[in-house]
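Turn these sequences into a full structure, and let the hints steer you where they fit.
There are 2 protein chains.
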Amino acid sequence: MSDLLTKAMLVKGTTTSLATKTTEQKNHALQLLSKQLREQKQYIITENSRDIEQGRQNGLHESLIDRLILDEARIDDMADALLQLTELEDPIGNIIEKWTRPNGLQIQKARVPIGVVGMIYEARPNVTIDAASLCLKTGNAVLLRGSSSAIYSNTALVKVIHDALAQSDLPKDAVQLVEDTSRETASEMFKLNQYLDVLIPRGGKKLIDTVVANASVPVLETGAGNCHLFIDQTAQKEMAIEIAINAKTDRPSVCNAIETILVDQQWAEQHGEELIKALHANEVEIHGDSYFTSMDSNVIEATEEDYETEYLDYTVAIKTVQSVTEAINHINKYGTHHSESIITENDTLVVQFMNEVDAAAVYHNASTRFTDGFEFGFGAEIGISTQKLHARGPMGLEALTSTKYLLHGNGQIK
Amino acid sequence: MSDLLTKAMLVKGTTTSLATKTTEQKNHALQLLSKQLREQKQYIITENSRDIEQGRQNGLHESLIDRLILDEARIDDMADALLQLTELEDPIGNIIEKWTRPNGLQIQKARVPIGVVGMIYEARPNVTIDAASLCLKTGNAVLLRGSSSAIYSNTALVKVIHDALAQSDLPKDAVQLVEDTSRETASEMFKLNQYLDVLIPRGGKKLIDTVVANASVPVLETGAGNCHLFIDQTAQKEMAIEIAINAKTDRPSVCNAIETILVDQQWAEQHGEELIKALHANEVEIHGDSYFTSMDSNVIEATEEDYETEYLDYTVAIKTVQSVTEAINHINKYGTHHSESIITENDTLVVQFMNEVDAAAVYHNASTRFTDGFEFGFGAEIGISTQKLHARGPMGLEALTSTKYLLHGNGQIK
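As they're listed, the protein sequences go chains A and B.
Going by this note's numbering, 234 is the number at position 234 of the first sequence; the sequence numbering is gapless.
Going by this note's numbering, 414 is the number at position 414 of the second sequence; the sequence numbering is gapless.
For the record, the hints were derived by calculation from the structure and aren't laboratory data.
One should not assume that every hint holds.
No distinction is drawn between identical chains; accordingly, a pair holds when it is met within one copy or between any pair of copies.
Listed below are the simulated DMTMM-like cross-link pairs for lysine to aspartate or glutamate, each with C-alpha atoms no more than 25 angstroms apart in a straight line [what the hints assert, rightly or not]: (1) K414 with D372; (2) K205 with E188; (3) K12 with E326; (4) K109 with E398; (5) K109 with E89; (6) K206 with E62; (7) K237 with E53; (8) K109 with D90; (9) K98 with E398; (10) K109 with E375; (11) K109 with E97; (12) K12 with E308; (13) K333 with D3; (14) K191 with D209; (15) K237 with E326; (16) K333 with E24; (17) K206 with E188; (18) K333 with E188.
The following block contains the structure:
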């Protein structure tokens, strides 16, 4: 039997046991894992160095090498995050709703684990601990499939997880790593409906698109963010400029950074130059429509492609619009349904913008940078969903749960 | 451009408008549709007769012909159901949760439509009205793809829908029928992620399996029901037998009917004969293990295949077990995670059964026949989900909704 199938059966075999573990038992396992990570730091660093050496031999870009590195500080961060996770409320077992039917049948809707989570991810080995711990906290088993470039690190981390689980009340087999990192095996994993309840891809757009296009197992899609800021004519100048700079430059490489600023024509005429100056002062390259190119010769002419692009860099597109409706139409046409913000003092426009913009998070007078599980106060984040089923927006522990109806009767028949 | 793409673009174009319609506007459209159905009854029946004639020419089985028929009574039922739907609470716009972050950012989680629902279904033309009306009530646009055997009926019903929508505040294009019923077009529809937010297959296991295996658009899976009844040693005799007969014979062709009865050895020794007699008296064919075949010569020997089979008929498998754990293991191995029931007076076993059985609905001392949107009190049903993401168990209007975060600030930046 293949490595994939063997591991899939092993994790599947632990779901009944995992689903019935108490919060204390699960938290204890996370504490043990935190301790093991610190104790086995040198082993992890040694194994990690083999990946790094191999990466350098293969000519991996230094930015990717950096993502691979596990040093003492990063391992301590992982160990700390595990302890923080023990402090979060356990959603499993919560009764979400309950009611009694006229025939006396009592119906409860309880929160339960999903079952087996298939995690497919790219270089960062910290995802191994992150994914495993979020799954264990919510009573889920997890089949991990990392990339070949991190195989020594991932194997070491899963060994550490197994050492911790062996001391705990949780089944050791609840976390397994697929060691065969071939494309064929990944494709096989996409179709493993018999063993996997959900697939979560974590990585670049290409990885996510491949999983969505080919998986028959349901996918929790965490997608790209082509986010917009719309500055209405009533927007306060300082607030609008401050939010534009923050949403673009606080961390340009993340999905909740803005890529296009839409500016009401009247506001542009009054404050456009100041906005352009502020963006340039923050080293942002600006691709603008004819209004802005004629205002400032350092503004590059924007093309259709600019409006479709998630730059993930110190670059922004800027465009004048005549109305909130034009802004909404632009956003719904080019956006990726992630995070969109309106800056305005006009409450009527707020209502229209919030109702008509089709996105996971719609902001009024705030930066899009808040679309994040921690900023929302969830204490953990699986990713940010841009799909509409199951979970939308930042996903906390609850996104890793399902529900089950429990019905109590005294002989009811239909 | 193909019929499929043209229609997909048309429905997609209505989503912003639909999402902002009030409950009154949506209910008014449903009332108009109810009225149009009654007024255009003769036209519908005439078009329906063309499908029936064609079906007979093609040698369609009479049971399938019966499912195709739209007569006055059935059209009246559809019209009545539309009026009932107007009385249900509209979930759209509800604020599910709200909280304020330490920085003053106010976060609301609002219920919104999914967007575009792709409905793929088999012969029954009433699904056309059923699906369209549930989607409109929840502010969703819908692309319908029925079967070729009902094409005249479906075309007529969509014409009636368009006549009603034309008089309403809702966009007429919100409901479209794909007229090309080829397999190629269905396969194309499976991959239409650009236009469709979800696919809902309604029909037999083969149809559902095909959609799940091939779709890249997320699927709401409504699956088969290989349901079980476990009779524990402490079960009250009359209650157990009454529930067994009801769950098997009330309507054997539906997914929430039981297919296998697991009987505790001690209970079987005391009351097994009476249970067998009662089942035989209700014309149920019994496939049993050696304990039951040696008890009654009319019991047919059960094979492994029996335990895997959803008979959907007056046939049941019956097997003795030594413990609740053996029953749970059998259910989790052979079941389809639909509906499972335990009959017992032992509360400890109830807890174990409810925790460890992996199913959408788990019953204690009641018939599995209650797994149904109407029996749950939802007032409507899209289907019964046997998957674990988004919705599990009977799906009411809420299953056709998504959520959106609305964030109000006063200049917050990260």
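Pop the pair K205 and E188 into one bin, within, between, both or neither, using alpha-carbon distances up to 25 angstroms.
-> both (20 angstroms within a copy, 23 angstroms between copies)
Alpha-carbon proximity context of K98 and E398, limit 25 angstroms = both (19 angstroms within a copy, 16 angstroms between copies)
Give the relationship of K414 and D372 under a CA distance limit of 25 angstroms: within one copy only, between copies only, both, or neither.
-> For K414 and D372, only the inter-copy Cα distance (11 angstroms) is at most 25 angstroms; the intra-copy one is 47 angstroms.
How would you classify K109 and E375 at a CA-CA limit of 25 angstroms: within, between, both, or neither?
-> Classified as between; 15 angstroms across copies, 29 angstroms inside a copy.
Could you figure out if K237 and E326 sit no more than 25 angstroms apart (CA to CA) within one copy, between two copies, both or neither?
-> For K237 and E326, only the intra-copy Cα distance (21 angstroms) is at most 25 angstroms; the inter-copy one is 70 angstroms.
Between copies, within a copy, both or neither: which fits K109 and E97 at Cα up to 25 angstroms?
-> both (5 angstroms within a copy, 18 angstroms between copies)
First find the shortest C-alpha distance between K333 and E188 inside one copy, then the shortest across copies, and answer within, between, both or neither for a cut-off of 25 angstroms.
-> For K333 and E188, only the inter-copy Cα distance (22 angstroms) is at most 25 angstroms; the intra-copy one is 35 angstroms.
If the cutoff is 25 angstroms on CA atoms, where do K191 and D209 land: within, between, both or neither? Let me know, please.
-> both (15 angstroms within a copy, 12 angstroms between copies)
Go through the copies and call it for K12 and E326: within, between, both or neither, with a Cα cutoff of 25 angstroms.
-> between (50 angstroms within a copy, 18 angstroms between copies)
Pop the pair K12 and E308 into one bin, within, between, both or neither, using alpha-carbon distances up to 25 angstroms.
-> Close across copies (19 angstroms), not inside one copy (41 angstroms); limit 25 angstroms.
Intra- versus inter-copy proximity for E24 and K333 (alpha-carbon distance at most 25 angstroms) = neither (48 angstroms within a copy, 29 angstroms between copies)
Should K109 paired with E89 be assigned to within, between, both, or neither, using CA atoms and 25 angstroms as the limit?
-> both (18 angstroms within a copy, 20 angstroms between copies)
Of the numbered hints stated above, those contradicted by the structure are hints 7 and 16, listed in ascending order.
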